[in-house]
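Residue numbers (numbering that gives the first Met the number 0), protein chains in the order written: chain A, 0 to 384; chain B, 0 to 384.
Be aware that a few hints might be false.
No copy is singled out in the list; a pair is fine if it fits within one copy or between any two copies.
Calculated cross-link-like contacts (lysine to aspartate or glutamate; reagent style DMTMM-like; alpha-carbon spacing at most 25 Å) [unchecked claim]:
1) Lys-342 - Glu-374
2) Lys-361 - Asp-321
3) Lys-20 - Asp-130
4) Lys-361 - Glu-80
Keep in mind that the hints were calculated from the coordinates and are not lab data.
Number of protein chains: 2
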Amino acid sequence: MNTPRGFRYASTYAGIRKVAKDDVALIFSDQPAAAAAVFTTNRVVAGPVTIARKNLRSSAGSMRAILANAGNANCATRTAEQVAVECVNSAADVLNIKPNEVLPASTGVIGVELDSALILRVLPKLHSELDAERFTHAAAAIMTTDTRLKTAYVSVGGAHIAGMCKGSGMIHPRMATTLAFVMTDAAVSRSALQLALSNATGRTFNRISVDGDTSTNDTVAVLANGASNVRPPRKAFEEALTEVLESLAIQIVHDGEGARKLVTIDVAGAPSDAAAEKIARAIANSPLVKTAIAGSDPNWGRILSAAGNAGVVFDPRETDIDMQGMPVCRGGLAADFSEDGLKQKLDAPDCTIRLSIRGRGKGSARFWTCDLTEEYIRINASYRT
Amino acid sequence: MNTPRGFRYASTYAGIRKVAKDDVALIFSDQPAAAAAVFTTNRVVAGPVTIARKNLRSSAGSMRAILANAGNANCATRTAEQVAVECVNSAADVLNIKPNEVLPASTGVIGVELDSALILRVLPKLHSELDAERFTHAAAAIMTTDTRLKTAYVSVGGAHIAGMCKGSGMIHPRMATTLAFVMTDAAVSRSALQLALSNATGRTFNRISVDGDTSTNDTVAVLANGASNVRPPRKAFEEALTEVLESLAIQIVHDGEGARKLVTIDVAGAPSDAAAEKIARAIANSPLVKTAIAGSDPNWGRILSAAGNAGVVFDPRETDIDMQGMPVCRGGLAADFSEDGLKQKLDAPDCTIRLSIRGRGKGSARFWTCDLTEEYIRINASYRT
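So here's chain A without its partners, still in its complex pose (with noise of 0.2 Å):
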């Protein structure tokens, strides 16, 4: 795989979370990068997202590094931007970079206070160990509930893109999920950077849901350092950044607290893309057809109640509806279908619903989202303990 030039990597255990697996990630750019992030809309905020969006104004959006830890949020505690602060200002002394050329970002439990000492005491042996190799071993320990490692790479001409990202539960993505950090050797503009990354991830990190909460820590940067001295055109950097943020969400969902199959909803003929969006999202995040879905259940009535509370007007008997490529619902009532032979389609770990509003109607929206099942719970409910 090509990683893109000019970027390298470390990780170590910090002792931050209990069990004795990296927890602190480093990522360097030896050349100043234009960046550009999304953060959480959610209305508590984690510490280090004020501080990131503080940097990449203070720094015009030039950055050298990223900091990150898992197994605490640093967030609602009573050093949240103290504890981002020194990790920061740390980091660019032991890098010999200025503090606003670090971008902090941290997740895991919300409430407990991090001690910036286990960071602080780590920054040596990350700066000593950073290597341009290193990029699965970062991606590993931003890990929290997560099963599998989940990276992307694309190439754009002679550049070069690689993401990663963790994020298995609290999913449900308002402008950006989790943590997923984006870097490249393409030489991008900043404003050109931002764009490409707001819409890349409306169209990709907005249209995942695991449980449709929304974390105070969400982050989503893109460091583009320029290292390959190739410039690619627009449309295309951007399209290479949808594919590797598009790849990066549907690892998340896939990788859902629980779930077993991956669920790609298509809505089609709503009155416009963002009605279609509404659709389908309030599909995604229907328990009832979540836990269908988890039972192999072609329960297409819960699909069109879930779209009838959309709050979008459609006329339910202008509708259809598929599973598996399998017509189940036409103008509203059910299609004529074998239910055993679709409930074994079902069982397949992916699994497709497809919408579609009859008549002039030109909005369409794809969406990810995965089963509901009670590993779910299982998880949820002793997160902590």
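Take the given structure of chain A and dock chain B to it, following the hints.
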């Protein structure tokens, strides 16, 4: 208990549901009753809801009977409205009243044809067995995944109000929830009755959530036949009706699919009552909060995060949270509490969450929900099988 005068009830097994348990209920008023109702806001609407609305309009809110069935929602089928009309016409025939004096209601699976012959066949039997003492029989006949009978009785002046309802899943009202029928022998005008019902549902049935899904069949109907010759003051009647509906609504949440705990959420100090309700609703709908309660985990960070997603502007640093009356969060930060002690208290079947925002806001709201357990998944992954 004092049931309202002038009402009689009957129920029987018509063969709609698979298990041989009563699935049709008939409620009859010996004299014309003022009737008011609120219905689902889902765009997908069951046949009986359409016909009930039509009958209420054409009879100017004068009703004699409610005909309800469980086991089939009579929704999203070719014949839904036609079946509702046939049942209403036949019931009117048998009862010797006008068709538009019958309010139909259905609950059960969506998208499966309901055979009207099953209901038509049992109408003479239901008619002949009408009995003032069979109130609870009728209440039992409308149960689906319910595990408990849900009834409530209140007296106001010399008049009586008795309510029954069903509901366990697909509970997240925007207008009403599931099926609820309230009978009173108070003398109340049609317009006063509709106003009282709208106000009362706003504070009760619209303040509960089991799973965030709004059904296609939700109906709350009140019949006031005046048989007591008591005309209670408007305010007193509304309060008594609210008491009945609150009791029924709480019984639904208590019996939420898979629920082991009733959770009462109070929000205070919000910019407005509507804002308080939004925050309470966001907490009530958060799967992460609901699974934490299931695990007796005093994870107040999830409560604060859910509140932050409500779309209400407030300062987390001004926010206090109590669970079971114990402070767990003060000013957006962890309060000093015994985690083990609180864990034990959270094992109780009744849990309380109180979120209050310091400052000048006077908005408050109470909301009810239940914990989210593995049993919810089991029930809904196999509902139709």
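Now the hints, each set against the structure:
{"no.": "1", "hint": "Lys-342 - Glu-374", "verdict": "both (21 Å within a copy, 22 Å between copies)"}
{"no.": "2", "hint": "Lys-361 - Asp-321", "verdict": "within (18 Å within a copy, 48 Å between copies)"}
{"no.": "3", "hint": "Lys-20 - Asp-130", "verdict": "within (19 Å within a copy, 69 Å between copies)"}
{"no.": "4", "hint": "Lys-361 - Glu-80", "verdict": "neither (46 Å within a copy, 30 Å between copies)"}
This entry does not satisfy hint 4, going by the numbered hints stated previously; all others are met.
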